[in-house]
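As a plain string of letters, each chain reads:
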Amino acid sequence: MAEVTFKIPTQLRAATGGEGTVKAEGTTVGTALEHLFGNHPELRSSLTDSEGDLRRFVNVYLDGEDIRFGDGLGTAVADRQELQILPAVAGGR
Amino acid sequence: MTPSGAEFVRQIKGQIAEVDPAQVHDVLWDENVVLVDVRESDEVAAGKLPGAVHVPRGFLESRIDGAVGDRDKRVVLYCASGNRSALAARTLTEDLGYANVESMTGGYTLWKDRGYEVDVPRTLSAEQRERYSRHILINEVGLEGQIKLIDSKVLLIGAGALGSPNALYLAAAGVGTIGIVDDDVVDLSNLQRQVVHGTSTIDTPKVESAAKRINDLNPDVKVVQHQQRLDADTVLELFKGYDVIVDGTDNFPTRYLINDAAVRLDKPVVSAAILGFEAQLSVFDTRSHEGHESGPCYRCLFPVPPPAELAPSCGANGVLGVLPGTAGLLQATEVIKLIIGVGDSLQGRLLMYDALAAEFNEVKVRKDPECPVCSRDRASISDDELGVFPDYEAFCAAAG
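Protein chains in written order, with our numbering: chain A, 1 to 93; chain S, 1001 to 1400.
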């Protein structure tokens, strides 16, 4: 089991009690996300669809690399790695 | 006995090959011949032979390989009268092993007297030299970079929070043409962050308000006011006239429309988005030419936009007023780098700035080989497809 840190963007922080970084455990991105959802259930529907797949307008980066270009949710994680959650943002005014 | 200076030059001329301007004129633009101007920069500024490369004699040994490279190539050197180029010819032949070097007799003076064509390089007016002096002093910009800025055309989509710092600093930097697309008027609640506008321009169209401020800052800038919303019918025609597109819009439909049109026309987009205390920034540049590998587009990053309930940009949102200033200036910096062609752009990277944490982070943005837009042949992207995705505006309308 590896301990990783999720970085939570502003618009999702209501679900984490305002926290910008949240620790979670897992062996893959998917299992770490499950652990994250266990502690912060409201994140689940924001990040994944009914099939459990990552929504297409949400990207997750493991140490700066988009997991879509790795093994997706099956991408292995190691201790102290950082997972950045990045939803699309459009504001400019 | 050591010879006099004049005698020395005469002796050198006896040892090197000389060529008459008429013969040089015959090989003008011949790709097998490299013309090298060995005069000083202030002399070259007044005019040079067309197509000649400039290698001042003082930098001859260190720069000639970069300018010519192939030592067997035919090289014709010239200066003002044929003396310095004769000395330079000897150096290239004797010391550097160039096999085929000639010095043009009579130099630039004789060339001009014969009435042959010359290139008079673009120069700046005394006032421009003064205005842009701090740019000209840095090597990465210099006179050449400043002229590129003056010749450039940048389109700002939105004259709001991100558009404001872009408008001000790009105008100050001397970008020659700034187009602004915005259909809104200035509101009091804008002024906490939209600094291109002012209290005196409340209720006037934003494009007009911005133009007024820009021309006060720099009257050289031509401001083109596009008082409209960006729409699929006119976007291609609009983008065609510009070199760089700056995306500072507040909604997803426009972001995808900008992306799709820019990909189709292969125009670089410098994109930023802000929310609360956070900013995201990247350069989407799908152009593919020598020295530039086609980069990812916005749809490689986010193939589809979020639905309304998860898209906080549908309605009014709070934003720390200074944040779009920071993000907009990072954007303006990328625009300037693209125009003058220096540095590493944010292409292929998404920069995130968290103002509360005072942290910058970046993630990689890869070109998606299955991207619904930029993986395709540009001509196959039809007008009807630009900015299209399922019912997004309806979502926003339903969300109120």
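Note that these hints are calculated values from the structure, not bench results.
Be a bit skeptical, because a hint or two may be false.
Listed next, the in silico EDC-like pairs over lysine to aspartate or glutamate satisfying Cα-Cα at most 20 Å (straight line) [stated by the list, open to error]:
no., chain 1, residue 1, chain 2, residue 2
1, A, K7, S, E1140
2, S, K1364, A, E82
3, S, K1364, A, D71
4, S, K1364, A, D63
5, S, K1367, S, D1384
6, S, K1364, A, E65
7, A, K23, S, D1354
8, S, K1367, A, D63
9, S, K1112, S, E1040
10, S, K1367, A, D71
Right, here's what the structure says about each hint:
1. At roughly 36 Å between alpha-carbon atoms, K7 of chain A and E1140 of chain S are farther apart than 20 Å, so this suggested pair is violated.
2. Distance hint between K1364 of chain S and E82 of chain A is fulfilled; the C-alpha atoms sit about 14 Å from each other, no more than 20 Å.
3. Of the pairs offered as hints, the one joining K1364 of chain S and D71 of chain A holds, with about 16 Å between alpha carbons and a cut-off of 20 Å not exceeded.
4. Of the pairs offered as hints, the one joining K1364 of chain S and D63 of chain A holds, with about 9 Å between alpha carbons and a cut-off of 20 Å not exceeded.
5. A C-alpha spacing of about 24 Å is found between K1367 of chain S and D1384 of chain S, which places the hinted pair above 20 Å, so the restraint is violated.
6. Proposed proximity of K1364 of chain S and E65 of chain A is supported: the alpha carbons are some 6 Å apart, at most 20 Å.
7. Taking the CA atoms of K23 of chain A and D1354 of chain S, the gap is near 19 Å; set against the 20 Å cutoff, the hint holds.
8. As the CA atoms of K1367 of chain S and D63 of chain A are separated by approximately 18 Å, the hinted pair is consistent with the 20 Å bound.
9. The suggested pairing of K1112 of chain S with E1040 of chain S holds, with an alpha-carbon distance near 17 Å, which does not exceed 20 Å.
10. Distance restraint check for K1367 of chain S and D71 of chain A: the Cα-Cα separation of roughly 17 Å lies within the 20 Å cut-off, and the hinted pair is therefore satisfied.
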